[in-house]
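Chains as they are written, first to last, in my numbering: chain A, 1 to 427; chain B, 428 to 665.
These are computed hints drawn from the structure, not numbers from a lab.
Any given hint might turn out to be false.
[Unchecked claim] Here are some of the chain A residues that sit facing chain B, going by a computed Cβ distance under 10 Å:
| hint | residue |
| --- | --- |
| 1 | VAL32 |
| 2 | VAL36 |
| 3 | TRP51 |
| 4 | PRO292 |
| 5 | ARG308 |
| 6 | SER309 |
| 7 | MET310 |
| 8 | GLY311 |
| 9 | ASN313 |
| 10 | HIS314 |
| 11 | VAL315 |
| 12 | LEU316 |
Owing to the predicted nature of the structure, the values given are computational and were not obtained by experimental measurement.
Don't be surprised by glycine CBs; every beta carbon is placed ideally from N, CA and C.
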Amino acid sequence: MSAAKSSGIDIKRSLLETLVAGFLALIVFGPVVGVVLDGYSFNAEPRRVAWLVGGVMLGRFVLSLYLQSGVGQRMLQGFDSGGSGVHVLAPDYKSRLRWIIPALIVIAIVFPIFANKYLLTVVILGLIYVLLGLGLNIVVGLAGLLDLGYVAFYAIGAYGLALGYQYLGLGFWTVLPLAAIAAALAGCILGFPVLRMHGDYLAIVTLGFGEIIRLVLNNWLSFTGGPNGMPAPSPTLFGLEFGRRAKDGGVPFHEFFGIDYNPNLKFLFIYIVLFLVVLAVLYIKHRLTRMPVGRAWEALREDEIACRSMGLNHVLVKLSAFTLGASTAGLAGVFFATYQGFVNPSSFTFFESALILAIVVLGGMGSTVGVVIAAFVLTVAPELLRSFSEYRVLLFGVLMVLMMIWRPRGLIRISRSGVVPRKGVAP
Amino acid sequence: MTAPILELRDLDVFYGPIQALKKVSMHIVEGETVSLIGANGAGKSTLLMSIFGQPRAASGQIIYRGTDITRKSSHYIASNGIAQSPEGRRVFPDMTVEENLMMGTIPIGDKYADQDMQRMYELFPRLKERRNQRAMTMSGGEQQMLAIARALMSRPKLLLLDEPSLGLAPIVVKQIFATLRELAQTGMTIFLVEQNANHALKLSDRAYVMVNGQIRMTGTGQELLVNEEVRNAYLGGH
Numbered sequence: 001m002s003a004a005k006s007s008g009i010d011i012k013r014s015l016l017e018t019l020v021a022g023f024l025a026l027i028v029f030g031p032v033v034g035v036v037l038d039g040y041s042f043n044a045e046p047r048r049v050a051w052l053v054g055g056v057m058l059g060r061f062v063l064s065l066y067l068q069s070g071v072g073q074r075m076l077q078g079f080d081s082g083g084s085g086v087h088v089l090a091p092d093y094k095s096r097l098r099w100i101i102p103a104l105i106v107i108a109i110v111f112p113i114f115a116n117k118y119l120l121t122v123v124i125l126g127l128i129y130v131l132l133g134l135g136l137n138i139v140v141g142l143a144g145l146l147d148l149g150y151v152a153f154y155a156i157g158a159y160g161l162a163l164g165y166q167y168l169g170l171g172f173w174t175v176l177p178l179a180a181i182a183a184a185l186a187g188c189i190l191g192f193p194v195l196r197m198h199g200d201y202l203a204i205v206t207l208g209f210g211e212i213i214r215l216v217l218n219n220w221l222s223f224t225g226g227p228n229g230m231p232a233p234s235p236t237l238f239g240l241e242f243g244r245r246a247k248d249g250g251v252p253f254h255e256f257f258g259i260d261y262n263p264n265l266k267f268l269f270i271y272i273v274l275f276l277v278v279l280a281v282l283y284i285k286h287r288l289t290r291m292p293v294g295r296a297w298e299a300l301r302e303d304e305i306a307c308r309s310m311g312l313n314h315v316l317v318k319l320s321a322f323t324l325g326a327s328t329a330g331l332a333g334v335f336f337a338t339y340q341g342f343v344n345p346s347s348f349t350f351f352e353s354a355l356i357l358a359i360v361v362l363g364g365m366g367s368t369v370g371v372v373i374a375a376f377v378l379t380v381a382p383e384l385l386r387s388f389s390e391y392r393v394l395l396f397g398v399l400m401v402l403m404m405i406w407r408p409r410g411l412i413r414i415s416r417s418g419v420v421p422r423k424g425v426a427p
Numbered sequence: 428m429t430a431p432i433l434e435l436r437d438l439d440v441f442y443g444p445i446q447a448l449k450k451v452s453m454h455i456v457e458g459e460t461v462s463l464i465g466a467n468g469a470g471k472s473t474l475l476m477s478i479f480g481q482p483r484a485a486s487g488q489i490i491y492r493g494t495d496i497t498r499k500s501s502h503y504i505a506s507n508g509i510a511q512s513p514e515g516r517r518v519f520p521d522m523t524v525e526e527n528l529m530m531g532t533i534p535i536g537d538k539y540a541d542q543d544m545q546r547m548y549e550l551f552p553r554l555k556e557r558r559n560q561r562a563m564t565m566s567g568g569e570q571q572m573l574a575i576a577r578a579l580m581s582r583p584k585l586l587l588l589d590e591p592s593l594g595l596a597p598i599v600v601k602q603i604f605a606t607l608r609e610l611a612q613t614g615m616t617i618f619l620v621e622q623n624a625n626h627a628l629k630l631s632d633r634a635y636v637m638v639n640g641q642i643r644m645t646g647t648g649q650e651l652l653v654n655e656e657v658r659n660a661y662l663g664g665h
């Protein structure tokens, strides 16, 4: 049907769409751009409005024409064919990822050779958000429990390192597992009261939890340093430090190996460890989704009553999702603290939670690959577009709106391989 | 008489201040098909759910194969030989038929999964045609078949069915009851909660009639089918 339509380009329709877009742009930009405050009076700036509206109209006209052409039609159909729900792959489906994953690993190994310090830090930040996205993906994407206070676990990991260093003299390597455990415990503690809640109620309670943690960190001046924050130690390699001069009588890495001091080494080391941790978490998550507990999470998301009538203990299923999700965030927090060298409560606001949730939603609920891509898009893109940093949130909004139109299920839809066909069952 | 597989003794169940079940006693013997019929709000589903402790019985006892399960947790009961096909089907919408069936094997592990799945496809040939289709894309009747098959995958000693005819066309209801009859002949113990009294009574060895949270009448399926009161109340009185 649409093929027949696309043979001729409907100029009239395009013009109509252009006029509507222009009218909307006038309403939106008119007051915002057209009126400039000048002391207590204001100046009308009709020319700026005209330029903007003209730009919008031209863009809409071109888009309209393009979408009516053959190429555009095909593109539209490509977007529509998504359908809904989980995509179940054929049991013997061989994923293209078999080729992509080794390629990515090679790129990751080669990358530090070419990267400067700035690029390295950007990628570290990206990887931290990959971890956070993967953790939240278990809670929101797989188990279907909307958690708006996820940043609390991230804060627990980061402050775990800072506080452990300050009061107990613990280093990066000791805290790494401890923070994961501490965050998991916090996940458990949060999990218990919210077991009976669903949807909106759950979201509100978790939101409250996230704020409680942040406010405690902010106001407990004597213990956490309040808004002044706390220093966090750098990682060490078998006791070798990456600073120019070793603290507490240690040996700096560069002196031990007799090489010149390189300030990038710390970040290079964090990058390597973080990359290995991300790979491990990816692998564990990949296996989990194929294990009974992964299926149980998905069952819980799809129908809690049916899940319980199968004899599943919904308490355990929910708690395991919360716990595993939280422990991943704890890991990410430790890396964040050591990478920054400093933590303070302003890094753990609700905006972070929203950003992590955006990563999961943009990537596609429950889809691992999608979350990895989205984490990089949402953390690296703002860095590349530094000069537009004021428009960052606006760009987020635009991205989300576009997503709702074209990819309502996320960049990459959740998919899982079907059950292996069994002997004796004829197709 | 052999010992009953499931016995309820003087069960009282409350929803807050409202008493939903009043001193309900009944029993199911291994191998028989028992149905519970009654009007909307009589407490049929409540009875079925309270076997699983949702809601928990305020007083009375539920005895399953000699053990008191009145205070046991729901998942313990559900994974020890009592399978349930919940009201309104409740299949996992985003999972395929095969995945749904695999979910049913959770209580016993997947060691019999292959042969049981094969058995289910013999019992419900429609499911075999649809085996790689997602459950949400199937018709109501197919979903009901899937819900029953999923419950059977755990090799239950006792199968509880909550309104398998709910919202289905008469012809599909007929098919489902034919399958249930087939199932009963293999020796499966079935406890059926139904509004469709005609079908249910024809299928059952024995039946209970529930009115306002109390068991009003009991007898064999045939007895109740010809009973004047039952005919007037549930069978349209003709």
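Looking back at the hints listed earlier, which ones does the structure fail to meet? 1, 2 and 3
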